[in-house]
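Here the protein sequences line up with chains A and B, keeping their order.
Each residue of the first sequence is one higher than the one before, counting from 0 in numbering that gives the first Met the number 0.
Each residue of the second sequence is one higher than the one before, counting from 0 in numbering that gives the first Met the number 0.
Calculated directly from the structure, the hints in this document are not laboratory data.
You may find that some hints are simply not true.
35 Å max Cα-Cα, derived DSBU-like pairs, lysine-lysine [to be verified]:
id : chain 1 : residue 1 : chain 2 : residue 2
1  : B       : Lys158    : B       : Lys130
2  : B       : Lys125    : B       : Lys158
3  : B       : Lys130    : A       : Lys26
4  : A       : Lys26     : B       : Lys125
5  : A       : Lys26     : B       : Lys158
Derived list of chain B stretches under chain A, where covered just means 3 residues or more per stretch with a C-beta under 8 Å from a C-beta of chain A [as the list claims (entries may be wrong)]:
id : region
6  : 64-77
7  : 87-96
8  : 100-107
9  : 114-124
C-beta: ideal position from N, C-alpha, C; glycine also.
What follows is the residue order along each chain.
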Amino acid sequence: MERVSLLPRLSLRFVPVWRRNLRVWRKLMGPSIVGNFGEPLLYLLALGYGFGRMVGEVGGLPYMMFLASGIVVSSAMTAASFEAMYSAFTRMHMQQTWVAQLHAPLEVEDVVLGEVLWAATKALINSAAILLVAAGLGLVGGWRALWVLPVMLLVGVCFASLAMIVTALARSYDVFTYYFTLVLTPMLLLSGVFFPLQTLPPAIVAIVQLLPLAHAVELIRPLVVGAEPGNVILHLAVIAVYASAGVVISSRLVARRLRH
Amino acid sequence: MRLDQLSPVAANGQRAVPQDAVVRARGVVKRYGPRTVVDGLDLVIRAGECFGLLGPNGAGKTTTLRMLMGLTPPSAGSIEVLGLPVPAQAREMRRRAGVVPQFDNLDPDFTVAENLATFASYFGLKGPALKARIAELLEYAQLADRADAAIQALSGGMKRRLTLARALINDPALLVLDEPTTGLDPQARQHIWERLRRLLNQGRTLILTTHYMEEAERLCDRAAIMDHGRIVACDSPVQLIRTHIEPHVIELRARDADVFLARPHDFSGVRVEHVGETVLLYSADRERLIQAAGALPFIQRPANLEDVFLKLTGRELRE
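Okay, chain A solo, but in the shape it has when bound (with noise of 0.2 Å):
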């Protein structure tokens, strides 16, 4: 019988299939980051001098440095979100890159782990080529700002995660759409990205602060311009928490889906 566990069984054995997966993207790296990292930019660019000049200084900063610090969160969460569902799932059930994997020495939780972490490593990728774009455009503050990149990389973790439960549990690619509609997008508008969370009503404030992008951006914006963040242990732990959830619970939804 099955041995029954609460936690996933974890272990290095994930490496292969984030390799895959990085090998892949080694081969079709011009319209990834077009697509994954151009799009982000262009809001940056024309939000930021169009809308910018218009509004002068947010939340004591200039809009432009504002924006980009919320920008680089944001596109991690996209980009994250984006890979561990239609990709992940053109991988599990299209092309059964997962079933082949699991006739190999791999374990349902071995192939989740690595996809999370692969799509985590899409996510560093994107907000660290916009950081570099901010840092060029003089937005950024500072060497503090490589903490970002950590950071990032749990962020990423964490929204792949969630994301892939939806994954898990996904007939086709409909599904998504209603997840980026009705899930991401509103966090997107609503956790302190484009303006500050303090402007929207205490009861909108106290839900969106019970989710993980709120964090992610307390605690990136003051890295990016320079400025020491604070509450960064409370921060850290809700994203923790999440990636933590994310990990454990579509794991087990992957393997009720491919080992019936």
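Starting from the structure of chain A, add chain B where the hints point.
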């Protein structure tokens, strides 16, 4: 073990089949909700033999293979493969096993050679030994000149050969094949058979499912016929035929079958089966058969595994 190493072949050309068990399954049951797909399976498969699992669609063959590989847990019963309990230590067991799935799941993002290298990475294989292994397997699969081809550019037969080569990347002692030649043209099937024969000559154990009785007769040392999740017969193909079927068979086809069924006849000493558009007459007495057919044109042939299959699993259509 090298692919060209023909280890346990006895002088008379017969393969020496050692008696230790590669698979031991006891009382294995698999239920999906109220549906019982495998219903009390007992199975011993010996090292070095080619073992066939035959049965109509839905008989539980694929589920059985998946349970043996630890890909889905049994609802009851115990399984041991290559000396390890499954699914508890399935991952360790799969280090020494290979799987050829029913539907090709080659990685479309990689070339032929990259597919082998990527699959090898899941086993932690690397270095110059792997390079040599890949070259050897490409040769074995007759794909050496297509190493850099895209998967989409391969024919069905080539894809199957590559899937087979991929399953051999870890030099497995046990190979499990789910319908290895379904959908292939006759030449491609012959190629696969020849390659499976080579693997048997190297002393590997093969477990395969198939709908082609000719394939099972050709390759399998023993075959189990499954129906409704149970094994209804298990023996060598020759013994299965001898035990279950009369030695002489004639077939009446299409209109001749209709004419035969429409007219009054004497069935004593003759067993009559009607499947689709064919009437099959079986008897120990050849003269009696020819007499029963009357003046109708018929085809006379020796009894085969298909006769056993139809007798044991019935004639109704399974979908």
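Now the hints, each set against the structure:
no.: 1; hint: Lys158/B with Lys130/B; verdict: holds, 20 Å
no.: 2; hint: Lys125/B with Lys158/B; verdict: holds, 23 Å
no.: 3; hint: Lys130/B with Lys26/A; verdict: holds, 21 Å
no.: 4; hint: Lys26/A with Lys125/B; verdict: holds, 21 Å
no.: 5; hint: Lys26/A with Lys158/B; verdict: holds, 22 Å
no.: 6; hint: 64-77; verdict: holds (count 4)
no.: 7; hint: 87-96; verdict: holds (count 5)
no.: 8; hint: 100-107; verdict: holds (count 6)
no.: 9; hint: 114-124; verdict: holds (count 6)
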